[in-house]
Amino acid sequence: MALRPLPRAAARLGAEAVSENFTTSALAAGGGDSARWRRFVDPAVMFVIFAILWEKAVDVFRIKAYLLPPLSKVLQTMWTSRDLLLRESWITTLEILQGFAWAMIGGVLLAVAIHGVPTVRRALYPLIVVFQGLPKIALAPLMVIWFGYGTASKVLMAFLFAFFPVVINTLGGLAGTSPALLEHFRAIGASRIVTFRRLLVPSALPAVLDGARTAMPLAVIGAIVGEFVGSEAGLGHLILDANANARTDLLFAALVMVSLIAGALYLLVELAAKRVWWRAL
Amino acid sequence: MDRRVEAATTRADVAASRDPADAADAAVAIRNVSKTFVARAGSVRALDAVEFSIASGQFVSVLGPSGCGKSTLLRIIAGLVRCDPGGEVMLLGAPHDDVSDDVAVVFQTHNMLPWLTVERNLRLAAEVRGLPEADIKRRVEALLPVLKLEGFRHRYPHELSGGMRQRAGLGQALVLRPQVLLLDEPFGALDALTRDQLNVELLRLWQEVRKTVVLITHSIAEAVFLSDRVLVLSDRPGRIIEDLRIDLPRPRGPETTKAAPEFGAYMLHLNRLMGVR
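Residue numbers (the numbering used here), protein chains in the order written: chain V, 1 to 281; chain U, 1001 to 1277.
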């Protein structure tokens, strides 16, 4: 049989080549025909325009600094209060990461148990569906009463926010395993453990990462909410503190830090998700 | 010559062609196999008292309209589905109701894992079965050239053409070196040209390894071209309405076999049986 020549991209060998190829094509699909650098330059230009407008608007309309400080003032505060900002950011980041990690571990384990054990499914699945609908924000005061003003209650809030999307997505991924492949594994005499390890795990992985993608920003919200309700440290605490002292510049500086943290953590999840290149197949 | 073909298509000859092979030394023997699926909307009888035996090394096709229970029959032989009580499946002379190393199945959609390369997909079944590494390596190295996939061993399934994927699927089944190969419309999703090509390759492969093959198909030409024998299943519930021996000489090839006048006669006979006019 004449083997047809493969396209340029497919001619490269190995997983790396494939994943790289997949990434670039996915990005190109978003950015049209424009070059790679425009993905970074366009938003940067937009930001500069926005910054100039902010700076000028405050000046021209004589907006009071406690309502909206000029951007230059925010940047100045960020520099002068850098130690404070970094310290509080670090505390909040750790809370987010711990809550997220527990949500991933607990969520995946619970989903696997629900998927694999019918009794667990019958007993727990309805409860999870009901509990998922509860606004987690309403639990924040309770968490503070139970676990105090320290980090534990914030980690728990981050966990509560992030947990359910992980469970639901993982369950969807496990249930979505191709029936044909499941039958194939049965036909080759694979045990339940082998089927789990070699078929269910890789096949559910894209969905698990979708769960992580949803969970990460929620973990950020959870930690900040936890800090709002009762805390002695962290960016949420700093925001309330700055607010109480009419330090709007510091409040903005804290908001910038929250955005940077949320963005960076989301990017980490995205990078991990890119490694699972077979998701789109 | 024409007389012989005509004779082959009469009822009497059909009865005589039924293999006299004793169920004990047949590769596959099934007796009184029925299957009823119970669903909320009522039960569906897919197979009704199907009986036949297949001698070792024979190439048998099961032909039938879609939805006649062909695939169910194959799954029962594979041990993936149990038949209704009272039926019996014998494999290499022993009763059989579970999956076995002696039988391998190739389904219509290939069974390759998208995240593994061709080579690692071929290794999968052998790895799962816990074969020694040296053995797995030897088997896969022997298979790759036979399947013409040597240059594609590090490719992923989505980088292959449909025909290559089905050849790899065949390899996935062959790596366990089964005695009986069950093919469930393996080329059904391919275009006609690729399908013809793969039929020729399957024929060559079978002529080399001489395994017992049961091919499920709804292509009459494919069945006649490849088989020693064609079983025809009726519409649901599936019953065997014809057991036709194909007396075309071997080795067969696309030019010689399809040009033979008997080929056309067999086709015509099976066409009539299946109600195509």
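Read the hints as simulated data drawn from the structure, not as lab findings.
Treat each hint with caution, since some may be false.
[To be verified] Examples of chain U residues lying across from chain V (beta carbon under 7 Å, computed):
#1 N1032
#2 T1036
#3 V1099
#4 V1105
#5 P1114
#6 W1115
#7 P1132
#8 I1136
[What the hints assert, rightly or not] A partial selection of chain U residues facing chain V, derived with a Cβ cut-off under 8 Å:
#9 A1078
#10 L1080
#11 F1107
#12 T1109
#13 L1193
#14 S1219
C-beta atoms are modelled at their ideal positions from N, C-alpha and C, and glycine is treated no differently.
Status of each hint after checking the structure:
A least Cβ separation of about 24 Å between U/N1032 and chain V goes past the 7 Å threshold, and the interface hint is therefore violated. Hint on U/T1036 is violated. Least Cβ distance to chain V is approximately 20 Å, over the 7 Å limit. Among the interface hints, the one on U/V1099 holds; its C-beta lies about 5 Å from the nearest C-beta in chain V, closer than the 7 Å criterion. Evaluation of the U/V1105 hint against chain V yields a held restraint, the C-beta minimum of about 5 Å falling below 7 Å.
The beta carbon of U/P1114 comes within 5 Å of a beta carbon in chain V, closer than 7 Å, and the hint placing it at the interface holds. Of the supplied interface hints, the one on U/W1115 holds, with its beta-carbon coming within about 5 Å of a beta-carbon of chain V, less than 7 Å. Below 7 Å, beta-carbon pairs count as interface contacts, and U/P1132 has none with chain V, the closest being about 17 Å; its hint is therefore violated. For the restraint placing U/I1136 at the interface with chain V, the shortest Cβ-Cβ distance is roughly 13 Å, beyond the 7 Å limit, so the hint is violated.
Because the closest C-beta pair between U/A1078 and chain V is about 6 Å apart, less than 8 Å, the hint holds. Among the interface hints, the one on U/L1080 holds; its C-beta lies about 6 Å from the nearest C-beta in chain V, closer than the 8 Å criterion. Against a cut-off of 8 Å between C-beta atoms, the interface hint on U/F1107 holds, since the closest Cβ of chain V lies about 6 Å away. Hint on U/T1109 holds. Least Cβ distance to chain V is approximately 5 Å, under the 8 Å limit.
Contact between U/L1193 and chain V, as hinted, is not supported at the beta carbon level, the nearest pair being about 10 Å apart and thus beyond 8 Å. Hint status for U/S1219 relative to chain V: violated, with the closest Cβ pair at about 19 Å, above 8 Å.
Hints 1, 2, 7, 8, 13, 14, counting from the list given before, are not met by this structure.
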